[in-house]
Amino acid sequence: MNHRNLIFLTVFSLVAFKSCILHTDHGPDGRDGRAYFGVDYHFQPPYSYWDDNPYIPENPALGAFYETLPGTYSFEYFVNPFDYWYGTYQIWIERGTQGGPFGEEGLDGLNTYLMLYCDPDGWHEEFFSYPQGKAVIQREKGYVKIKVDEPGHYFVLEMRLTDVLSRKPQSDAQPMRPFSFDQTR
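Residues in the sequence shown are numbered from 6 upward in steps of one, following my numbering.
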């Protein structure tokens, strides 16, 4: 009889555990943030601007943001027909968070914004205030590197000053056309 009880208890336990499947329904993941890039100035507009980012128009409107994909892009902007800054910028997106149990939706990632200020002396960090430790800034004569790791501002910008005799530019250094919103090109 002990043997029968043991078999019965084993079979009953297997059936009972088989019917007690715990299922938690996770909600959808949050949407990834988007990346935006723009060109502007504080002291003097750039003479010309060139960028290998396919999402930035040939003659970008100064002060406007353009949606772009995250990545690393090269740029150069002329201060005058002979001197120019060149470099790269890396821009990232913030990923959405994973959905939670019981159908809870994940949080959407923040959008990332980078405005490249094309001034004659390069990037001027005194116009920007990032919390302590969120921005690493290196500045030497003719060289600037900024790395910002703050929600909504994930980017690295590195640029050098040169002239047309020292380095062949990527662009033809044509003066920027004044931008108007009624352009059809």
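Just so you know, these hints were derived from the structure itself, not from any lab. Careful: at least some of the hints might be erroneous.
Each pair of labels, with its calculated beta carbon distance range [to be verified]: (1) G108 with T15: 23 to 31 Å; (2) K150 with P75: 41 to 49 Å; (3) G32 with D57: 35 to 43 Å; (4) L112 with N10: 16 to 24 Å; (5) D168 with K139: 27 to 35 Å; (6) F107 with E145: 37 to 45 Å.
With a straight-line cut-off of 25 Å between C-alpha atoms, the simulated PhoX-like cross-links for lysine-lysine are [said to hold, decoys possible]: (7) K139 with K152; (8) K173 with K150; (9) K150 with K139; (10) K146 with K173.
Every residue gets a Cβ at the ideal spot worked out from N, C-alpha and C, and that includes glycine.
How the hints compare with the structure:
1. G108 with T15: 23 to 31 Å: Hint violated: Cβ distance 37 Å, outside 23 to 31 Å.
2. K150 with P75: 41 to 49 Å: violated (19 Å)
3. G32 with D57: 35 to 43 Å: Given a distance of about 39 Å, which is inside 35 to 43 Å, the answer is holds.
4. L112 with N10: 16 to 24 Å: violated (53 Å)
5. D168 with K139: 27 to 35 Å: Once the Cβ atoms are compared, 34 Å apart, the range 27 to 35 Å for K139 and D168 holds.
6. F107 with E145: 37 to 45 Å: This hint is violated: roughly 54 Å between Cβ atoms.
7. K139 with K152: It holds: about 8 Å lies between the C-alpha atoms, which stays within 25 Å.
8. K173 with K150: Satisfied, since the Cα-Cα distance of roughly 22 Å is no more than 25 Å.
9. K150 with K139: Given that 25 Å is the threshold and the Cα spacing comes to 14 Å, the pair holds.
10. K146 with K173: holds (20 Å)
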